[in-house]
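Colleague: For reference, the chains in residue letters:
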Amino acid sequence: MTNDIAGLDKSDVALIIGSDTSEAHPVIAARLKKAARKGKLKIIVIDPKEIRMADYAEIYTCQRPGTDVAVLNGMMHLIIKNGWEDKKFIEERCEGYEALKEEVDKFTPEYVERISGIPAATLEKIAELFGKAETAALYYAMGITQHTTGIDNVKSTANLQMLCGNMGKVGGGVNPLRGQSNVQGACDMGGLPNVFTAYQKVGDAPVQEKFERFWGVSLSDKPGIPMTVAFDKAYDGEMKAFYIMGENPMISDPDLHHAEAALKKLEFLVVEDIFLTETAKLADVVLPASTYAEKSGTFTNTERRVQLLFEAVKAPGEAKHDWQIHQMLANKMGQNWNFGNAREIFEEIRKCTPSYAGMTYERLGFNGLQWPCPTEEHPGTPVLHIGKFTRGLGLMTAIPFKAPAEMPDADYPLYLTTGRILQQFHTGTMSRKSPGLNNLAGPHAMISVQDAEAIGVKNSEKVKVTTRRGSIVTTAFITKRCPKGTVYVPFHFAEAPANALTINALDPVAKIPEYKVCACKIEKV
Amino acid sequence: MQISMNGTSIGAKPGQTIFQAARDNGIFIPTLCYHDKVGAAGKCRVCVVEIEGMNGLQTSCSVEVREGMRIQTRTEKVINAQKLVVDLLLSTGTHDCIACDQNGKCELQNAAYYLGLERGSLNYGVPEKDMDESSEFVFVDRNKCISCGRCVAACNGTVVNEVLDFKYRGNKVDIAFDDDLPMGKSSCVQCGECSQICPVGAITDRNSRGKARHWEVEKVYSVCPYCGVGCKLELHVDRKANKIIRVNGVEGAPTNDGMLCVKGRYGYDFVGHEERLRNPLIKNPDGTFRDASWDEAIDLVSRKFFEIKSKHGADSIMGMCSAKATNEENYTFQKLFRQVIGTNNIDHCARL
Ligand code: SF4
Ligand code: SF4
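Sequence lines, in order, name chains A and B.
First residue of the first sequence? That's 1 in this note's numbering, and the numbers climb one at a time after it.
First residue of the second sequence? That's 526 in this note's numbering, and the numbers climb one at a time after it.
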């Protein structure tokens, strides 16, 4: 998030697109709902499902899955046409406006209606409410990123916010809601193939030199490969070994059959986790690790806030903290690491990570600190890009619309889209160990009333969902919240895995799979 | 500013209520409905005080301090009024503390203790109400409800799930879920906000019942392991049993201000789960696993990595770090790959 959670009630308008907020980020949803009920905040929801947040919205509309670029371009078309753009902001702080303007010119409400199904009049209302707002924030989650056009979608959200001058101000911003407790931190710590900590580029001479000196070895300056590519290479026999810490790609990966085949072809698979997950079962060596409650350390949340965790209980048996395992291995392989606890590691992180340099465990205290926090005097940064973008001028990019990789057709006439539900989490490694959570939510497919009638299936009956990749049998949950022509399957369940259905089509740059759209059919069983 | 309380001069901030000023200065005024997050309800009338120059008793939760104000919190008049209210409450419900989960933290118990009331002196013959055990995680005992309104305010005004409300049955107020459904059948999302804010034992966490009393648990701050909001948690831990007894949201935390969702509050079973891995495992040739020591496992991994690296190069090894591990652990993981194994092949599941 460019902005902070506490500031979200400072907006006049919030656009929620591609985020089922009350299911996936309930506490942020609570704050948005509260601001809306108090009367200041007006919410716009654009989502293929009539999500619960729609009940709190001023305007709700449903777009066809995978048409977000067209919708956002359409909003910008109208905003420019009516002169609601922030001319001063564009002039002083952005570049690329002319190209953007030219691109969105053809996205008339009628054209956008043909692509997205959003009525022209509704789009006009949305553009007016958003465009005229003094301060408007934009929230999105995986509904924007998990597409073959994921990067295009993300850039479009930034275009819109720059156009309206909503960047670098309290109550505005582009606010991706992170899906896992420490995704932000994993990225900040260099858990990416092309960057070291704090996004310092692999291959950049001064950066290479800095880390070579800091770690006392010579380092590869060749960027690594993203995970999705690594799976393909493993399948082709090019990759030989995987070391997987605390993740379960056997549930989360697109096209599970492919993922399983890839992992089975490896010469050597190490999995470090707290349970014998579906993925761990395939491993040659399994290393027992600790849960959040068993360790001290820090997580960085979606608003870039670094917060402390403290050890509350002891891990079972001989299970260790992940860092202890890494240290044993590093030292076995010839290094001489000497970390005594998490705090000592954090002290090392500070020394090579400019945005964390000013943080200490003492300073993190009760509230934590939001990066960038470059010095020990720095108060942290709740809102990014105030006065100036990190790169100088904000780059607006002309983004043409591209259709999803697989569209419904005669054989597979429905859209399949996947996601989360409130009571379960990700691959279920944690949440499915709770009998209570399991009682609240088991595997199901959300189906519209019309589509259910067409195949003669009733609520709670079994239904088979099939795509070109495979099929699952699950329980039908028939709901008015699903529009005709769209089926929604939560991905948490190993016994009815949504990712046996999804398509392994990736965003060309970010390599994110298109979990949010493919074609399917449903049958009664 | 300075005000006088029970004859002593104390400091107070403009805009503060008398109740807040007293609390800041360590002076106990019992209250049942006031809570920082939902504000003054003015319902229970237990927090009354006498103010010089004002007629009658005033509720300290709703009157703001003024320079030079002279306040009495323990006059006979005050105590008698408080006793009357608390006696009435003790007499109209079943407030037996012995096995109550709120024992030691109950605000009614605290008030009764402060006033020296053992039990209700009036006999109304109020009929027993059924327990509502229909919810997966929340336990409701209406016999202990004091109709303070905190849960209704919290469900509607804080988490805005809009499930709880008061219903009127004859002239008896009662809390109701939706149109008076059993909690588990209502639209409640089991966020537990009502349970955390209930001053008595009327709404409690079902899985914590009978596990440990409040003074037996140690409270440890943590951060929710689920989504990226990063809600701040207070884990209530029985150190001897090595168990989490209960999870609360931390009031005043910048991320969640006490709020949690059903996963963060109640989804902690996995921590102490019997299927947790307890020692390293090495796969046998027949595909089964055998237990191994750390020495053996680390030895095997490092040998295989060396072997594969020398045969196929470091770039034939891939590491996946974890969005569930700490910053410190993700740092050591990528350092292991870059510094020790010699490849930048590191990624995570964040996008999935
Ligand atoms: S658990 Fe949450 S949603 Fe349910 S009644 Fe209590 S406050 Fe409302
Ligand atoms: S309690 Fe719920 S909303 Fe808060 S971090 Fe955990 S999963 Fe997210």
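Hints listed in this document are in silico derivations from the structure and should not be mistaken for laboratory results.
Be aware that one or more of the hints could be misleading.
[What the hints assert, rightly or not] Within a straight-line C-alpha distance of at most 25 angstroms, the following computed BS3-like cross-link-like pairs (lysine-lysine) qualify:
1. A:K201 with B:K697
2. A:K458 with A:K480
3. A:K155 with A:K402
4. A:K38 with B:K692
5. B:K765 with A:K314
6. B:K765 with B:K697
7. A:K264 with B:K608
8. B:K654 with B:K602
9. A:K233 with B:K836
10. B:K654 with A:K264
11. A:K38 with B:K568
12. B:K744 with A:K314
13. B:K834 with A:K222
14. B:K744 with B:K608
15. A:K265 with B:K568
16. B:K829 with A:K265
17. B:K697 with A:K264
Colleague: Hint by hint, which ones does the structure fall short of?
Modeller: 1, 6, 7, 8, 10, 14, 15, 17
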